[in-house]
Amino acid sequence: MTMGHIDDLVDAYVLGALDLNEVAEVEAHLTMCDQCRALVETAQRVNTLLLYAPPPVLPPSGLRLRVISRVRQEAEQARASEISRPPAATSEDPPRQNLIHWLRSLTRPRPADPVLNGLARLLADPGCTIWEMTGTESLPDAHARFIATRQGSEGVLMANGLAPLSADRAYQVWLLQDGTPIPNVVFQPNADGSMRLLVRAPKQLANFGVIAISAEPTSGSLAPTGAIMLMGALSSV
Amino acid sequence: MVERLASGDVEVIGTLYDRYGRLIYTLALRIVHEPGIAEEITQEVFVRLWRAATSFQRERGTVHSWLLRITHNLALNEVRRQQSRPISADTFDWVTDGEQLPDEQLENDPQRMVMLRERSAMIQSALRQLPEPQRQVIELAFYGGLSQAEIAAALGFPIGTVKSRIRLGMIRLRDALGTVGIDGRWAEML
Chain A
775 MTMGHIDDLV
785 DAYVLGALDL
795 NEVAEVEAHL
805 TMCDQCRALV
815 ETAQRVNTLL
825 LYAPPPVLPP
835 SGLRLRVISR
845 VRQEAEQARA
855 SEISRPPAAT
865 SEDPPRQNLI
875 HWLRSLTRPR
885 PADPVLNGLA
895 RLLADPGCTI
905 WEMTGTESLP
915 DAHARFIATR
925 QGSEGVLMAN
935 GLAPLSADRA
945 YQVWLLQDGT
955 PIPNVVFQPN
965 ADGSMRLLVR
975 APKQLANFGV
985 IAISAEPTSG
995 SLAPTGAIML
1005 MGALSSV
Chain B
-7 MVERLASGDV
3 EVIGTLYDRY
13 GRLIYTLALR
23 IVHEPGIAEE
33 ITQEVFVRLW
43 RAATSFQRER
53 GTVHSWLLRI
63 THNLALNEVR
73 RQQSRPISAD
83 TFDWVTDGEQ
93 LPDEQLENDP
103 QRMVMLRERS
113 AMIQSALRQL
123 PEPQRQVIEL
133 AFYGGLSQAE
143 IAAALGFPIG
153 TVKSRIRLGM
163 IRLRDALGTV
173 GIDGRWAEML
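First to last, the protein sequences are chains A and B. Going letter by letter, the first sequence gives residues 775 to 1011 in our numbering. Going letter by letter, the second sequence gives residues -7 to 182 in our numbering.
Quick caveat, the hints were computed from the structure, so don't treat them as lab data. Be careful, since some hints might not be right.
Ranges of calculated distance between the beta carbons of each label pair, as one might list FRET restraints [claimed, not checked]:
| hint | chain 1 | residue 1 | chain 2 | residue 2 | range |
| --- | --- | --- | --- | --- | --- |
| 1 | B | G170 | A | D808 | 23 to 29 Å |
| 2 | B | D10 | A | Q809 | 28 to 34 Å |
| 3 | B | R73 | A | L996 | 27 to 33 Å |
| 4 | A | N964 | B | G170 | 42 to 48 Å |
| 5 | A | R895 | B | G6 | 29 to 35 Å |
Computed footprint of chain B on chain A; a stretch qualifies when at least three of its residues, placed anywhere within it, have a C-beta under 8 Å from a C-beta of chain B [unchecked claim]:
| hint | segment |
| --- | --- |
| 6 | 788 to 800 |
| 7 | 824 to 835 |
| 8 | 838 to 851 |
| 9 | 912 to 924 |
A virtual CB, placed ideally from N, CA and C, is assigned to each residue, including glycine.
Produce the entire structure from the sequences given, and follow the hints as far as they go.
Structure follows, in structure tokens:
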């Protein structure tokens, strides 16, 4: 690094060639350095081109039908289990209300589920807020929602697109207070990459500015040692 | 089309496959080198597109770059999961490896496919301008999912050598892409 920047790590970072400690170092630096973020964005554009570099190959002729069949099957299963996606937003039906309506419908069939019970309590609170968490470069297809009230200390995290980890690793939730990560629950995702769980904060959530998820040893860590996979701001809405 | 998918129109998936299926399968096959696994990954990518359609944010990138990022991640996860097949730099010879797309197969959107193939050739041309040792480490990292330390171990070089080759290689690649008339914003405009 030169002058405290990470310019000599940027290319390896966007190629995914750094080890976990270096990734953590880079991502911590990027949270506070516009100059290095710009370098990463430039490098990322070149990196993106590598996705298009392989010469086009003709897929097997039956693949199209198998893809259509698989997606139809998924859609039917989702409908059957009532865990379908939230209905599309319309101008008369704001997305947040729509989502809350969908989440409420989820709480009906399984009253014994502690996560759904927690969700039901939160949704009954007029201060209920849904914060979006997006995947970082380490896990760009991951997405999560954190449902809580800023005045409370408990929330429900619903994530999907979580990649499987090696046997000795697990995901860990962090709540950041003034930039300091406070360790929280450790979990393994379901086989389909989804997870929903209760997150209990040591104090009111209004004290925290960011919620994040990293990959850590299965026993959890006191401070993040792995790449940040998802992150979202707990800003007041 | 993603909007139609988000509204629950699953049937549009066929049209989306016609548009992006070949791109996805190509990248998956390049990384996993097994047609059956590449097929599985292609199916999974479309399932994920269906699941995520309502939350897809166009301002975060194009549909195809989003799909290819997922493909890249899934394929590398699969390679890491298997960990039984040694990754050799020889497996990344694009000039001779893989079934090339014949012209008569450019159905559906021939103009678009010709453009894709041209752009692919231009990016390959830029890669070929790199000294072989630099191209090798970049490809092992990006398509093999190897860290710098793993590349150093696989090739028997000091890690410092791998680091400098990646840095110099990426600098040269940026220059070479400029030379062949393509910059990093191209993918966003496709």
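Do the hints match the structure? See the list:
no., hint, result
1, G170(B) x D808(A): 23 to 29 Å, "24 Å, holds"
2, D10(B) x Q809(A): 28 to 34 Å, "43 Å, violated"
3, R73(B) x L996(A): 27 to 33 Å, "29 Å, holds"
4, N964(A) x G170(B): 42 to 48 Å, "45 Å, holds"
5, R895(A) x G6(B): 29 to 35 Å, "43 Å, violated"
6, 788 to 800, "holds (count 5)"
7, 824 to 835, "holds (count 11)"
8, 838 to 851, "holds (count 9)"
9, 912 to 924, "holds (count 4)"
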